[in-house]
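Asks: Respectively, the protein sequence lines represent chains A and B.
Those letters in the first sequence? Residues 181 to 439, per our numbering, in order.
Those letters in the second sequence? Residues 580 to 833, per our numbering, in order.
If you're looking for bench data, these hints aren't it; they were derived computationally from the structure.
One or more hints might be untrue.
Computed spacing ranges between beta-carbons, pair by pair [what the hints assert, rightly or not]:
#1 A:Trp221 to B:Pro810: 29 to 39 Å
#2 B:Ser658 to A:Arg211: 46 to 56 Å
#3 B:Leu825 to A:Gly411: 35 to 45 Å
#4 A:Arg224 to B:Ser732: 49 to 59 Å
#5 A:Arg224 to B:Ser702: 12 to 22 Å
#6 B:Pro736 to A:Gln414: 36 to 46 Å
#7 B:Asp627 to A:Phe437: 50 to 60 Å
Beta carbons: idealized from backbone N, C-alpha and C, even for Gly.
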Amino acid sequence: MNGVLNLFGFMGRGLLRTTERIGDGTMLCSRAIGHLFTPPWLGRQLVIQLYAIGFGSLIIIAITGAFTGMVLALQGYYTLAKFGSESLLGSAVALSIIRELGPVLGALMMTGRAGSSITAEIGIMRVTEQLDALEMMAVNPVRQVILPRIIATLIALPLLIAIFDVVGLGAGYLVGVNLLGVNAGAYIGETIAKVTMHDLLTGWVKSAVFGLLIGCICTFLGYRAVPTTEGVAQATTRAVVTASVSILIADYIITSFFL
Amino acid sequence: MIALNGVSIAIPEQATTVIMGGSGSGKTTLLRLISGLDRPNSGCVWFDGSNLAEISRRQLFTLRMKMGMVFQYSALLNSLNVEENIAFPLHEHSKLTDSVIHTIVTMKLEQVGLRGFEQLMPSELSGGMAKRAAFARALAMDPKVVFFDEPTSGLDPISAGVITTLIQSLTELTRMTSVVVTHDVHAGLSIADHVILMWQGEVIAAGSPDSIRGSDDARIQQFIEGRADGPIPFSRSNTNYLDDLLNPRPTVAA
Chain A
181 MNGVLNLFGF
191 MGRGLLRTTE
201 RIGDGTMLCS
211 RAIGHLFTPP
221 WLGRQLVIQL
231 YAIGFGSLII
241 IAITGAFTGM
251 VLALQGYYTL
261 AKFGSESLLG
271 SAVALSIIRE
281 LGPVLGALMM
291 TGRAGSSITA
301 EIGIMRVTEQ
311 LDALEMMAVN
321 PVRQVILPRI
331 IATLIALPLL
341 IAIFDVVGLG
351 AGYLVGVNLL
361 GVNAGAYIGE
371 TIAKVTMHDL
381 LTGWVKSAVF
391 GLLIGCICTF
401 LGYRAVPTTE
411 GVAQATTRAV
421 VTASVSILIA
431 DYIITSFFL
Chain B
580 MIALNGVSIA
590 IPEQATTVIM
600 GGSGSGKTTL
610 LRLISGLDRP
620 NSGCVWFDGS
630 NLAEISRRQL
640 FTLRMKMGMV
650 FQYSALLNSL
660 NVEENIAFPL
670 HEHSKLTDSV
680 IHTIVTMKLE
690 QVGLRGFEQL
700 MPSELSGGMA
710 KRAAFARALA
720 MDPKVVFFDE
730 PTSGLDPISA
740 GVITTLIQSL
750 TELTRMTSVV
760 VTHDVHAGLS
770 IADHVILMWQ
780 GEVIAAGSPD
790 SIRGSDDARI
800 QQFIEGRADG
810 PIPFSRSNTN
820 YLDDLLNPRP
830 TVAA
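This is chain B alone, in the form it adopts within the complex (with noise of 0.2 Å):
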């Protein structure tokens, strides 16, 4: 199965590209080849001068130093509590002493402004809590680079909205580049300075949100106003229906 075809995008830096589209629609497999989590099958993925399509594990590892990542579901170690959470990319990769780590650590947690939450275990957080903290570790070697996963996903309204000015804030900031997939229309649009609109594995729009919103493409506006019948189809059926009722087909009983 094909998830994504054609696809030719640039990521500007120091901005902050959002990456919408339905369910299904390929923004989170492209999300994975641009951190170079998965691979494609054919095709080029320049980071940094670097072809992550080609590069080998060590040197992946090398440019992995510059990213970081916010999952969608936050993704800290459980053995671990907040504090080593944060810690732990700095443990792994600097011969900074204990005393110094402590204090990056507070800095980021102070940023999203979790401090005093060290010690707490990633279980006894909140949802919002939890995508704060994964942000703080994301941030934790200051990279070039973030991606977010669905960063406002499974959150209340005022956690997201949160999560979006944080992001929106600390790119400015830290002049770091942000790369948010999301089918949070509102939110995407709201934070972004470069939209990519992706449909069926393919991208149907590029550009600024303005230019997104007052396009005349009929599946944009669909997506944007979030209609449930239009150019994408409600039905994803593709049999016929009255074929369907008058030939039953036997059914598997739970």
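Chain A with its partners taken away, still in its complex shape (with noise of 0.2 Å):
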């Protein structure tokens, strides 16, 4: 009896701890937003922040998209051939891309290769107590440190995903026409044809989202970061975990939406 009561009692204390977690990281995030409409305007730490941020994750996406493209134009010609369809290579590689892997994988690198250095940078500026000198300097550390992040990442991510689908699309291409012989018109026609604005939009509007997941996650779980060193490593870890789960669980909750 003891041993359920002490289950439910875990159980209860993770819950309140996660859902205290949520909201005040939803608040920390919303009222980092809220800066954005009143003076001083972002500036020159929305520009350093979107080169390292954007600039800097632009090899891995590039990376990621081609041998996503590549691989799904040799797993997706290997299916439809058995149906003999193999003209339908085009499509099926371009909606699953845009549609799906382009924002997904291109999110998840981007948590990894920006993400999580987000998060131990101002884990490490809340250690060495620069978080604590901007405050006695009268400059809110919410604006001056998260927001630029936060932002950064939202303008990027959209953008690297356009350039992931690019660079998938055109590796897909390569593999298919001129390494498996599909017919390069069929191909391009075919492409052309089953892509609509819709499938673009939904593209986009994960990005989008996924975005702004990972600027609010990692920044926020930077800016509570325990002191210590151990405690650095361990937000940093927890902010590569959490937001990749949240990207996965978003994007089944925005595909369900945009079917």
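Put the complex together from the two separate chains, hints included.
Replies: Written as structure tokens, this is what we have:
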């Protein structure tokens, strides 16, 4: 009996803690975004972050996009050939990348590449009292440190995913047409015929939501990191895990709305 | 847990007040309360006619224009070089032109003896130099009050000497109020106009350095002489030694 009660107590405490953290994170990020609409405006900080987060992730995103497109073409061809409909390969690759794999894989790569460094950087700023120093200089750390990073991920991710899509489609074309011998006209024709504005919109909404999620989760966990070496390490791990899982959950929800 | 209990102190203007005490005595907590970084659960902190425990964030930020702080680990912003670090509060809060700001930064760096190191990044500075740069940054806005959190800890004797001399001379020169938290008895007593001694979250003595040195309170003498045992006991254990030896508790293997 006691064991069961303990279990409920344990679960209840966990649930309360999680709810509290989600609430705290939401409040912090809304406060940060609220600062967007009052001067002083975001300037140099945003440019620095866009460069670090956006441009810095460009190569890894392009490589991921290329191999995703290539493997999709291979795998798609294998499946479609069983039905004798290899000519549909173009649309199969394009729809998978634009609607699903581009946003999700792009966001996951971004979490690992940029999200972890956002959390670690802010966590170390907490440990080395840089956040307190900003406070003492009458500069709000939420505006100075958190806001530019959230906005930078929000702007950078959709752009990076657009590049992911283009590179992926190109690589899929190379493998499908040049390697597997699918008719080039059929490949491109199918792609143009089957991909609609609605599909592009789905991909775009996903990438914007994922960008916001990465920005909010990674900045929040860094900001609230326990100010020790171990605390920052823990926060960084937690940021990558939480952001990745949130992306997959959000992906399911958005997909169900945009079918 | 209560970090501070029944603490009532006054900090004289245009003088150096040194808050001393052992580790965990609550002196850093006290500094964070005075500077408004933390708010007390109960009680008041008066600064320039405002109660820091109650004012809004906006009002606190206005008061902060009159405050500067030198942190224990300097807390220079990693992404900016020395010059940009010192210019940062000026860029944020003044409409001065770049050339005026450059002049101010050069003057502040000259005061702390770091002119010529403008372009170095914080990671390229030694501990003592980083402290000096942080000092220059704290002075950038010409504050009325500057707080120092363990200004000499982790520094070699020469660098520590430089920092204490700087605190002393600049306090006199600029007529600012300095509040120094330290466990360095020698440095603390040498620069203080007013000393506050803390133990276990309470103030056990306050007064001039001479009155502290001449005090016959055994706790104060133990602290000043740095004796290991005395009224502040060497052993922090609160269980019976013999009991612990005879009743072994399972230990967790590392």
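Asks: Determine for every hint whether it applies to the structure shown.
Replies: Results for each hint:
no.: 1; hint: A:Trp221 to B:Pro810: 29 to 39 Å; result: violated (58 Å)
no.: 2; hint: B:Ser658 to A:Arg211: 46 to 56 Å; result: violated (23 Å)
no.: 3; hint: B:Leu825 to A:Gly411: 35 to 45 Å; result: holds (38 Å)
no.: 4; hint: A:Arg224 to B:Ser732: 49 to 59 Å; result: violated (34 Å)
no.: 5; hint: A:Arg224 to B:Ser702: 12 to 22 Å; result: holds (20 Å)
no.: 6; hint: B:Pro736 to A:Gln414: 36 to 46 Å; result: holds (37 Å)
no.: 7; hint: B:Asp627 to A:Phe437: 50 to 60 Å; result: holds (55 Å)
Of the hints listed earlier, those the structure fails to meet are numbers 1, 2, 4, in rising order.
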